[in-house]
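Chemist: Taken in order, these protein sequences are the chains called A and B.
The opening position of the first sequence corresponds to residue 5 in the working numbering, with each subsequent residue numbered one higher.
The opening position of the second sequence corresponds to residue 160 in the working numbering, with each subsequent residue numbered one higher.
The set of hints was computed from the structure by calculation and includes no laboratory data.
All figures in this text were calculated on a predicted structure; none of them were measured in a lab.
Check each hint, because a few of them may be wrong.
Said to hold, decoys possible - One-sided excerpt, in silico: chain B residues whose CB lies under 10 Å from chain A:
{"no.": "1", "residue": "Q165"}
{"no.": "2", "residue": "H166"}
{"no.": "3", "residue": "N264"}
{"no.": "4", "residue": "Q266"}
What the hints assert, rightly or not - Keeping only pairs whose Cα atoms sit at most 27 Å apart, straight-line, the calculated DSS-like set for lysine-lysine is:
{"no.": "5", "chain 1": "A", "residue 1": "K110", "chain 2": "B", "residue 2": "K200"}
{"no.": "6", "chain 1": "B", "residue 1": "K214", "chain 2": "B", "residue 2": "K179"}
{"no.": "7", "chain 1": "A", "residue 1": "K110", "chain 2": "A", "residue 2": "K61"}
{"no.": "8", "chain 1": "A", "residue 1": "K110", "chain 2": "B", "residue 2": "K173"}
Ideal Cβ placement from N, Cα and C applies to all residues, glycine included.
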Amino acid sequence: GENVEQHPSTLSVQEGDSAVIKCTYSDSASNYFPWYKQELGKRPQLIIDIRSNVGEKKDQRIAVTLNKTAKHFSLHITETQPEDSAVYFCAATVGGGGADGLTFGKGTHLIIQP
Amino acid sequence: GAVVSQHPSRVICKSGTSVKIECRSLDFQATTMFWYRQFPKKSLMLMATSNEGSKATYEQGVEKDKFLINHASLTLSTLTVTSAHPEDSSFYICSARDLTRETGNEQFFGPGTRLTVL
Chain A
5 GENVEQHPST LSVQEGDSAV IKCTYSDSAS NYFPWYKQEL GKRPQLIIDI RSNVGEKKDQ
65 RIAVTLNKTA KHFSLHITET QPEDSAVYFC AATVGGGGAD GLTFGKGTHL IIQP
Chain B
160 GAVVSQHPSR VICKSGTSVK IECRSLDFQA TTMFWYRQFP KKSLMLMATS NEGSKATYEQ
220 GVEKDKFLIN HASLTLSTLT VTSAHPEDSS FYICSARDLT RETGNEQFFG PGTRLTVL
């Protein structure tokens, strides 16, 4: 089955700086890669996703890049703000109408220092 | 749109009892729903895929006789934790996909159910 590795487990950055979180996956059949933000005791919230036919996607301060050959994808947050502090999870699955659930990375605790 | 609800949000029970958790898609039909478990400060782990009108598909290591899943309609899946023990205490979250949407891959998560077994 799919295995998703995520690094780092904790990331502390100064407010206004950029944050990068990296993930690798093992199953070459995976073609859908979402990123979630989760606050304590809450449900995961989708912040951005990317499909395998795209190399990069951007939404305001958030961007995701995907390297299918190397099987890794990264989350980039620019101009970080205190409200960005949370746990971030990457995930992978075979999409396109398939019934596969998501395989999650172990999460990154992002801390924005004021 | 694409709202998923769960009930109850929190439950405390005695060891040996069974607990049922409901997951509902409120504004769309879901032939497939997913159940995840999340231990404190850990990641979400897929437990099983719930299929409307057929048996659930369980992930390796998840006991199907302990975690009973029923997907009786296109908007409701239930997870029953049978003979619960303290080690079953966890955050249980369901999700569903709305395949009619252009972003059909996106999974919409319920708010989760915090189970504490005494």
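Chemist: Run every hint past the structure and note whether it holds.
Modeler: Hint check results:
Interface restraint check: Q165(B) against chain A, minimum CB-CB distance 9 Å, threshold 10 Å, status holds. The interface hint given for H166(B) is violated, since its Cβ lies 14 Å from the closest Cβ of chain A, which is over the 10 Å cut-off. Hint status for N264(B): holds, given a least beta-carbon distance of 4 Å to chain A, under 10 Å. The interface hint given for Q266(B) is met, as the beta carbon of that residue sits about 6 Å from the closest beta carbon of chain A, less than 10 Å.
Proximity of K110(A) to K200(B) is assessed by CA-CA distance (about 9 Å); at most 27 Å being required, the pair is judged to hold. Between K214(B) and K179(B), the direct Cα distance comes to roughly 17 Å. Compliance with the 27 Å bound is thereby established for this hinted pair. Restraint check for K110(A) and K61(A): the C-alpha separation of about 23 Å stays at or below 27 Å, so the hint holds. This hinted pair does not check out: K110(A) and K173(B) have alpha carbons roughly 30 Å apart, beyond 27 Å.
The structure does not agree with the numbered hints 2, 8 stated previously, though it agrees with the rest.
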